[in-house]
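As they're listed, the protein sequences go chains P and Z.
Residue numbers for the first sequence follow the numbering used here, beginning at 1 and rising by one.
Residue numbers for the second sequence follow the numbering used here, beginning at 133 and rising by one.
In short, the hints are calculated from the structure, not lab data.
Quick caveat: nothing in here was measured; it's all calculated off a predicted structure.
Please note that the accuracy of each hint is not assured.
[Said to hold, decoys possible] Pairwise CB distance ranges (calculated):
1) Z:ILE407 to P:SER100: 33 to 43 Å
2) Z:THR283 to P:GLU16: 26 to 36 Å
3) P:GLY48 to Z:SER709: 44 to 54 Å
4) P:ILE65 to Z:ASP293: 44 to 54 Å
Think of the CB as a built atom: it goes at the ideal place given N, C-alpha and C, for glycine as much as any other residue.
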Amino acid sequence: MNKIKNLADLKKLQSEVQSKIKLREKGDHPDMLVQIKVSMATCGIASGAKETMAYLIEELEHQGIDALVTQTGCMGYCYAEPTIELTIPGQPPVVYGFVSKAKALEIIEKHIKLNQLVDGIIPVAYSTIDNH
Amino acid sequence: MAEYNMHILVCGGTGCKASQSELIKANFITRLNEYGLGDEIQVIMTGCFGFCEKGPIVKILPDNTFYTQVTPEDVPEIVDEHIIKGRKVERLLYKDPETKEFVGDSKGMDFYKKQIRIALRNCGFINPENIEEYIGRDGYAALGTCLSEKTPDEVIGIIKDSGLRGRGGGGFPTGLKWELTRKSVGDQKYVVCNADEGDPGAFMDRSILEGDPHSVLEAMAICGYCIGADKGLIYIRAEYPLAIERLKVAIIQAREYGLLGNDILGAGFNFDVEIRYGAGAFVCGEETALIHSMEGKRGEPTVKPPFPAEKGYNGKPTNVNNVETFANIPVIINKGAAWFSSIGTAKSKGTKVFALAGKINNVGLIEVPMGITLREIIYDIGGGIKDGREFKAVQTGGPSGGCLTRSFLDTPIDYDNLLAAGSMMGSGGMIVLDDSDCMVAIAKFYLEFTLDESCGKCTPCRIGNKRLHEILEKITEGNGKVEDLDRLRMLSTVIKDTSLCGLGQTSPNPVLSTLDHFHDEYLAHVTSHKCVAGQCKALMHYSIDADQCTGCTLCFRNCPVGAISGEKRSPHYIDQSLCIKCGLCFTKCKFDAVLIA
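Generate the whole structure from the sequences, applying the supplied hints.
Now the structure itself:
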C-alpha cells in the first residue's frame with residue numbers, strides 16, 4: 001500500500017472503498033454473494049463466536065455457497081451472543097442472536113438457500129448517524 | 133418452493149412471551165392456513181424489540197407496520213384487515229405520545245431515536261482489522277479536513293461549540309481541556325488516551341477499541357494537531373488482550389497508509405501513537421496516577437494543580453481524554469458542532485454509551501442521547517426486569533457512584549441531574565437491581581472493591597474505607613446497632629472531604645446514597661436484624677415445619693455440618709447453633725417444609 005499523500009488521495013480511496021463495498025453488496029452475481037458479519041468482541045468470543053464463525057465458513061464452503069464471512073465488533077446485544085448480521089444482496093441486513101452451530105446451519109439451510117427468515121431475529125432498535 | 137412475499141414478526145422476548153406471544157404466533161399460522169396463505173406469508177419469532185412496555189409487539193414486513201399490545205384474539209382481525217384487505221388495524225398501531233397520532237410505519241417512531249449510535253457508529257458494522265472499511269465510512273476524513281482546511285484554534289472552537297464533555301466520568305468540557313493544553317508552553321506535548329476502564333460491569337471503552345480502534349487513533353491525531361503534540365500514548369489495561377491486539381493492527385495499518393507517522397496527508401504534521409500497558413489498578417484511571425504509571429513510577433495520584441495540561445507525562449503538557457470522548461471527535465468534525473449539540477440536554481450534549489447489566493432482560497451495550505429517562509432505558513431498551521420482578525434501583529457510576537431509586541425513573545439522565553441525585557455519570561456502567569438485592573450488601577460489595585483498589589497513599593482512603601467496610605460487615609452479620617448508621621455517615625463525610633484523589637473522594641458514595649434512599653433497609657438490619665431482600669445469610673433463620681416434614685431424611689443427608697437431626701418418617705429438626713445458613717436444606721426439600729424467616 002502506498003501512503004496516502006493528501007486529502008484528495010484519501011477522498012479517492014474512500015470512494016474506491018465505498019464502490020467496492022457496494023459491489024460486494026450488489027455483487028457480480030447478485031444471487032450468490034451473501035455477506036455475514038460475526039460479532040467478535042471479547043463477549044462474543046467468550047460465548048462461542050469463533051466456533052460459529054469457523055463453522056459458517058466451513059459449512060458455506062462445503063456446500064459451495066459463495067459467501068463473504070467477516071468479523072466485526074460488538075453489536076451491543078450481549079444477552080444474545082453470539083450474534084451475526086446476514087445480508088442477502090438487495091435485501092436489508094438481518095441480525096440473528098444466539099447463533100450456535102445448529103442455528104447457523106438452520107440459517108444457511110433456510111435463510112440463505114431458501115430466502116426464508118428464521119426465528120431469533122434481533123430487531124433494529126437504534127438510529128445511526130446517517131439517518132439522524 | 134414458495135418464496136414468501138410477506139413476513140409477520142412476532143416478538144419472542146421474555147416480556148412478550150409472558151404475554152402469550154407464542155400463542156399469537158400459533159394463531160397467525162392457523163389463520164393464514166385457513167386462507168391458504170401459509171406458503172406466501174411467513175410467521176417468525178424474533179428476539180426482543182426492547183419495547184416491552186407496549187408488548188407483545190407484532191411487526192409486518194415489508195410495509196414496516198408496528199402493532200403494539202397485541203392479544204391472541206386480535207390475530208384474526210389483523211389477518212382479515214391488514215393481510216387480506218390491506219387496511220391497517222388502527223387501534224393496535226403505536227400512538228405517538230406527543231402528537232397523539234397513530235404511527236403506521238415504524239420508521240417514524242421515536243422509539244428508534246431512543247438509541248443513536250455515534251461513538252458506536254462502526255461497532256458491529258465494520259471489520260475493525262481492516263482500515264479500508266473505516267475509511268469507507270468517512271474514516272480519517274475528519275483528520276484530513278482539520279489538517280488541510282482548519283487551524284488548530286478553529287478545530288478547538290468546533291469541539292467547544294459542540295458542548296462535548298469528558299465521557300470518563302467527571303464531565304469536564306473537552307474543548308476547554310484541549311485549549312488549556314494548547315496554551316501551555318512546552319518543547320514536547322503529549323496526547324494520552326485513557327483506556328483504563330475498571331468499574332465493575334463496565335465495558336464501553338473495551339467495545340469501542342475492539343470494534344472501532346481507528347476512530348480513537350484518528351481523534352488522537354486531531355487532538356495532537358490542536359494542542360501541538362506529535363506523540364500519542366494509549367494507556368490500556370493488560371486484561372484487554374483483544375482490544376490491545378486490534379489497536380496494534382490498527383496502528384500498523386494507519387502507519388502503512390500514512391495516516392500516522394511523518395508528514396500526514398502532506399500537511400507537514402507528524403503524529404504517532406504508542407501503547408502503554410497498565411496492570412489493572414483502578415486508581416490508574418485517575419489521570420495523575422495514570423501518568424505516573426506510564427512514567428514507570430508507582431500508580432499513585434498527586435495533588436492537582438498542577439494539572440496534566442500544564443505538567444503531565446514526563447513533566448510536559450499532556451492532554452488526557454477517555455476512549456469514548458475520542459470516539460465522538462471525528463463525527464463532530466464531519467457533521468458539525470451544531471448537529472452534535474442538537475442532541476442531548478442544555479448542559480450535556482450528545483450521547484452516552486452505557487453497559488447495561490444486572491437484573492435486566494437485554495443485558496448489553498447501548499448508546500442513548502443525554503436526557504433520556506431511566507424508565508426508557510430499562511423498559512423500552514432494556515426489556516424490563518428479569519423474571520418479572522420488581523425494579524428496586526439502578527447503580528450508576530460504579531464504585532464512585534450511587535443508586536437511583538424508583539423516584540428517579542423519570543429524571544432525564546445527564547451529568548448534572550445524576551450528581552444532584554447523589555450519583556454520577558461515571559464511565560457508564562449501569563447495574564439494575566431488583567427486590568432480591570440487599571442494598572447494604574451492594575454498598576458493601578462496592579466498598580470491598582475500593583478497599584482492594586485503594587493505593588494506600590492517603591490515610592482517609594486507606595484506613596477510613598477499611599473501617600467503613602467493617603461497620604457494613606457488622607451490619608450484614610446481624611451485629612449492627614442503630615448508632616452504626618450515624619458512624620457510617622460521619623466517617624463517609626470525612627473520607628470524602630479529606631481524600632487526595634477522586635477514588636477516595638467518591639468511595640463512600642455507594643454507602644451514602646444507599647443510606648439516603650434505603651434508610652429503612654439499614655434500620656431493619658440493625659434493629660430487627662432482618663434483611664428484607666433475603667440476601668444477608670447471617671440474618672436468616674432456617675427451621676423445619678413439623679407438619680410438612682415427611683421425614684424423608686433428604687435434608688439430613690445433605691446438611692454439610694450435621695445440623696439436622698431426626699428419625700426416618702418423623703419430623704426433622706435444625707440445631708441453630710450448628711446451622712451455617714447455607715440454604716441447602718431449603719433447596720433440597722421437596723415438600724416445602726424448610727422455612728426461612
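Hints, verified against the model:
Separated by about 35 Å at the C-beta atoms, ILE407 of chain Z and SER100 of chain P satisfy the suggested range of 33 to 43 Å. Between THR283 of chain Z and GLU16 of chain P the Cβ separation comes to about 30 Å, which falls inside the hinted range of 26 to 36 Å. With their beta carbons about 48 Å apart, GLY48 of chain P and SER709 of chain Z fall inside the hinted range of 44 to 54 Å. Here the CB-CB span from ILE65 of chain P to ASP293 of chain Z is close to 50 Å, well matched to the stated 44 to 54 Å.
In terms of the numbered hints stated before, the structure departs from none.
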